[in-house]
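S.K.: Here is what each chain is made of, one letter per residue.
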Amino acid sequence: MRLPWQKHSTPETRASLEPAHNEFAIEVNGLSKTFGDFTAVNSISLSVGHGEIFGFLGPNGSGKTTTIRMLCGVIAPSGGGARIMGYDVVTESERVRENIGYMSQKFSLFQDLTVDENLKFYAGIYGLSDEKFAERREYILTMADLHGRENEMAGDLSVGWKQRLALGCATIHEPKLIFLDEPTSGVDPTARRQFWELLHDLAASGVTLFVTTHYMDEATHCNRLAFIYRGDIIAEGTPAEVKGDLMRDTILRVEVDRGEDALTALEGSPGIAEAYMQGSMLHVNVGERTEAEADLTGLLGGLGFTVLGVEPVEPTLEDAFVHLVTRQREVSA
Amino acid sequence: MSTAPQTDELALDVRDLRRTFKDVVAVDGVTMTVPRGEVFGLVGPDGAGKSTLIRMMATVLAPTDGDVLVFGRSVRTEAAKVKPRIGYMSQAFSLYRDLTVRENLEFFAELRGVPRKDMAARSARLLEFSGLTEFAKRQAQFLSGGMKQKLALAATLISEPDLLFLDEPTTGVDPVSRREFWRIISGLHSEGITVFVATPYMDEAERCDEIAFMTHGRIILRDTPAGMKNRVPGRVVEINASDYRAAMPIVRALPFVSSVEVSGEYLRVLVTRDDATAETGLRTALEAAGLRVDRVRPVATDLEMAFATLIPTAVLPHHDTTDEILAVAE
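Residue numbers (the working numbering), protein chains in the order written: chain A, 1 to 333; chain B, 1 to 330.
Do not take every clue at face value.
Chain A is faced by these chain B residues, among others (derived, beta-carbon under 8 Å) [said to hold, decoys possible]: (1) 122; (2) 144; (3) 184; (4) 186; (5) 200; (6) 210.
These are calculated hints, taken from the structure and not from any lab test.
Small disclaimer: the values here were computed from a predicted structure and weren't measured.
Using N, Cα and C, we set each Cβ at its ideal position, and we do this for glycine too.
Could you build the full structure based on these sequences and the hints that come with them?
M.R.: What follows is the structure, given as structure tokens:
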């Protein structure tokens, strides 16, 4: 008789399962973390497949970093558990840390060490052989476009280069899973795009990426997303699925003089589910109402505003973020 | 009577301002003015010199050369007269973690010499203004990132400045908190306070009265957000294709395409052709490569496109090539 797990024990299937011990790169079951009487993470469950770019979104203070710290085996959960590349974050945290890369918003670089010295330091931590280090160094210098800057102090590099060097340091041991906690915070739009090109290349080579970001245009590039609010996951799925019910609503983009005053005037008006600024424009969610465009123009006109244009727009993840938070606040209010 | 402009009507009058650090030129001859009451946005790539410029205007860093007049007073010779009128929230603005929200405000009030009799009324007003009233007794370390930024702003406002410098105040702040932060800025604007803000978010730049693009230590353009978009040479076409990454090199290679940007899962393409042959050409090229094209349509230019096309991104590290870069920009 053969037990279910024994079917994997033939040599050829075992080889094909290396190094993925598990169906999922990340598997989280009822994970919780409390600090005193404060629940930072409230029994969340999720799974991330190998090679996926998984976006972890939510307002500041909603539990994102706490979750990542538990998944990296840095802090112990208060309840539930998680397996990372098949390893248990509590009982096998050492193995977890060997198998992952981690890059935070603070780019853990030594500012007063050179590019080369930073790479050497991280190679030392992971015990790379000289040969392996030479190979990885070459790869990272090319990837990060840092050739010719090997002897510059990390502190003197521009933010874009620092960020790519930090990614290089986090991946020097070729982890199959990388946690990126707001890797593009404060980085200019062009450098952010270049950084995401690197992330796509990593994902294409089979690396799993778990990313937090406050830039919703970046979130769009994820295969799947989870949205965490006050410790609870309140939405999950592909970017399109996370937009969810918002896709059935109509969102009107309104160009109006004194947008901010118009927003104040609209708040609490009947038939306006949500209104907020998007750049210099107003975005107004009118639900499933018809003829809302004329109504809205009339409403704003009656309040003394000049409407320069109204048109329906396809909701973006930015709209979804505002929608999810607004709805959740109403629920808890 | 002098015929010189009433510099007092200007919040900022920056005159050939320079700052070098050893052999690095961080700010390379900036001349600009900001009228009173404006929300003025400073935008530029990382390392452009934005923070250095702001620090000199805020009297915390001495210029190597040139001067800044703040409401007509020199930061070099009259800094003591400038300081009471300005507030400066740096990227490294730090709160006292173990003090409560209210205690932090009181601390900064004392630091800025706010008369004791005014303190209670001012902090009550600022707490209300920033939506922090119900958190007045919470220690700063237990605030979320968005709330910390609001408290930092409130602490900066405690001295009731007429001019506020904000250096990337919403970095790391979520979309909803960013909007709340900007509602506060909008409130300051309607009270007549001048706001000078550096931001990496183009949707925030969009909300400023005027913006300046800075790169390599210089201001290369200054305009309203609408004016900035009008400067973009060409029109923008949005493409929704089955695989935008595969589509990129194909689109980029077309002769009438001058720039390609990823916007979410779409491509935004700057085309130099005025007529629909651009759209047809794009669709044909992508379909010929075996990609499914769901949509090709003209869209309004946004500031991201202005940022990408009007600011030269060529990495030319040496100072003597700045003129070359500027020549490209013009």
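S.K.: Confirm or reject each hint.
M.R.: Consistency of the hints with the structure:
Taking 8 Å as the C-beta cut-off, the interface hint given for residue 122 of chain B is violated, the closest approach to chain A being about 23 Å. A distance limit of 8 Å between C-beta atoms decides the matter here; for residue 144 of chain B the minimum to chain A is near 3 Å, and the interface restraint holds. Of the supplied interface hints, the one on residue 184 of chain B is violated, with its beta-carbon coming no nearer than about 11 Å to a beta-carbon of chain A, more than 8 Å. Given hint, residue 186 of chain B at the interface with chain A, holds; its Cβ is 4 Å from that chain's nearest Cβ, closer than 8 Å.
At a threshold of 8 Å, the smallest CB-CB gap from residue 200 of chain B to chain A is about 5 Å, leaving the interface hint in force. Evaluation of the residue 210 of chain B hint against chain A yields a violated restraint, the C-beta minimum of about 13 Å exceeding 8 Å.
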